[in-house]
Amino acid sequence: MQEIDKSISFDGRDIRLKVGLFAPQAGGSVLIESGETAVLVTATQSASPRDGIDFLPLLVDYEERLYAAGRIPGGFLRREGRPPERATLTSRLIDRPMRPLFPSWLRNDIQIVATTVSMDHDVPPDVLAATGASIATLLAQIPFHGPMAAVRVGLIGDDFIINPTYKEIENGDLDLVVAGSPDGVIMVEAGANQLPEQDVIEAIDFGYEVVRDIIQAQKDILAELGVEQVTLPSPETDSTLTNFLSEKATDGIKDILKEFELAKPERDEKLDALKAHISEQLDELDDEDPIKVAVTEDGKAFGNAYKGLTKKLMRAQILEERVRVDGRKLDEVRPISCRTKVLPSRVHGTGLFKRGLTQVMSVVTLGTPGDAQMTDDLHPDEEKRYLHHYNFPPYSVGETRPMRSPGRREVGHGALAERALLPVLPSMGDFPYVIRVVSEVLSSNGSTSMGSVCGSTLSLMDAGVPLSKPVSGAAMGLIKEGDEIRILTDIQGIEDFLGDMDFKVAGTDSGITALQMDMKITGLSVETIADAINQAKPARLHILSKMLEAINAPRTELSPYAPRLLSFKINPEMIGMVIGPGGKQIKSITDETGAKVDIADDGTITVSSVDGAAAERAQAIIEGITFKPSAGDVYVGKVTRIIPIGAFVEYRPGKEGMIHISQLADYRVNKVEDEVTVGEEVLIKIREIDGRGRVNLTRLNIHPDEAAKARETAGLAPE
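Note that this note's numbering has the sequence shown beginning at 13, numbered continuously upward.
Source of the hints: derived by calculation from the structure; they are not laboratory data.
Ideal placement from N, C-alpha and C gives every residue a C-beta, glycine not left out.
You can take every hint at face value.
Each pair of labels, with its calculated beta carbon distance range: (1) Arg420 / Arg83: 24 to 30 Å; (2) Asp442 / Phe88: 35 to 41 Å; (3) Gln210 / Ala285: 44 to 50 Å; (4) Gln37 / Asp185: 44 to 50 Å; (5) Gln385 / Pro414: 22 to 28 Å; (6) Thr568 / Ile655: 49 to 55 Å.
The list that follows gives simulated cross-link-like pairs (lysine to aspartate or glutamate, EDC-like), each with its CA atoms no further than 16 Å apart: (7) Lys558 / Glu344; (8) Lys532 / Glu493; (9) Lys667 / Glu700; (10) Lys30 / Glu15; (11) Lys323 / Asp512; (12) Lys492 / Asp530; (13) Lys341 / Glu271; (14) Lys721 / Asp645; (15) Lys640 / Glu662; (16) Lys549 / Glu344; (17) Lys179 / Asp134; (18) Lys270 / Asp280; (19) Lys231 / Asp195; (20) Lys581 / Asp610; (21) Lys323 / Asp267; (22) Lys319 / Glu259; (23) Lys319 / Asp263; (24) Lys549 / Asp521; (25) Lys667 / Glu635; (26) Lys304 / Glu292; (27) Lys324 / Asp267; (28) Lys532 / Asp195; (29) Lys650 / Glu692; (30) Lys260 / Glu296; (31) Lys18 / Glu236; (32) Lys650 / Glu668; (33) Lys650 / Glu685; (34) Lys667 / Asp645.
Turn these sequences into a full structure, and let the hints guide you.
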């Protein structure tokens, strides 16, 4: 393929494309650049379909190489290992808009690999990788209903920005990724600072305008290279089995779908029983019967046809009768139950949220700054103080399977709930805890990610985390046939599985904090997306009102088992004094008080202990170590030892000075013991600090106001 360089400019930004230079044996490849960030994206398709599967075998891998930022990996091996969480999220960000654009009948293995090979701290690589995936796929001439493009939209003040820098994202109120095809918007991913619905809708529209420009640029590249876009017709299918099932099962499926009182397990059981009954009728057919031949040749044909008929009838029921399988109206939320304190008090905070048959338990753990997660990826943030982890065990859907490490779905759902709650968390200065929330899905029937948002809000408030506002979330669905569209509020499992959209909206009563939209069709208009966002608002507020009935404000007291934190600052130059040679000093403080001490590079010290008095003692010791006395300061100190020429007094923890016998009184003193005793509290003033740093004290010439202030500071009653 000939080499070409192409530049696409929009909204003051530019994307540069290099085609035909890299990875000549891949099906298609492109180096996509912006600023000094460069991502190499390849797409490759297997030569033949994979036998015995009924799904699209698409694999998307996003890789980060630390050489991209001029870094050598840590660890013993000194090479990249398991992908960091952010890489997994980027893989999902590429997969979600690409997957619906491949023909549903395609069974060839397809692999898209995006590798960040150069990285600056101004340009995030994720949207470049997503757009590059479309270009590489088109160049590989894989059947694809594209092109697809993705852009990020930021909001600084009142102005939208396309593909903002990391700093602009941090300083703005919106981080929105919009992906689209020629047919419309196909994916939305957003975090927002409680923005009104209309602002978010306008941002999506703004982003899609640029998406269309990038789509046209991709078409121009294909024309310049003489590459034709492959759009193959669907293969012909034998309707014999479909017609047989339609005749035998339609009435039965319709009846089951209208038994609104049935719970999910009961409905599934009835549908499976009907399926088994019809399967028995198939067994009675002659072996030469075309229907039986079709089932025999493809073991999954009968199950897939039955599933397809169920999907068709459920969708028709919603489109034509506006009736859902559980009898709800299109905009109605399932029954809600909320509780807190469902586990013993050893746990720092808990929330149990149930919506219909979906149940999520969220558990909060409060940690010290040393518990923050250190990141080892190309993102400029080096640590996270809020962690949200999501677990989806097999029993939540009544199944059995091996339990392994979290998959991409678990990572993605946890990140979505984390993003939804970040805007309402207190600052580190106001609440210096590292916060971990674990959401355990105990039962799943749709929208567990939004259930984890609600459960986590309950648990955070139960733990005493001072959220600025509580957050709730709802998942919206959609059924589209031609021009007929029905938007569904609070979708359950079957509506998600058989529908066309899963649109999660989270926020407070003031605005949206997070969005995530995935499609199963090739695009949706901004107007329809706006309708879904607006329909989600009353659902969110209804759910929020139920949550506030369980707990209406963060608790004022932390769990007795949560660490007590004291945070203060010292001069960074004195960090070495607190640590001591080989860590001897800080170990001594920990051994003496039992408190944990974390020290940041800027001099911020956080002392933590379940025992508040122990934390205060550790703070006092550190302040004593780092304290710089000044001549004229007045303190109440304690006599520690006596020598013939004077007395030593500890005037601050770990700080001593000496009162010479001549400074004990305004008259001649014959013996030090006549004036002071060991352990006695005495009022002293710093007379001087000599050239060797020794502190000389006096009891003379102390003004009554100075004495009163010193006694007050020491917590003593005035004389």
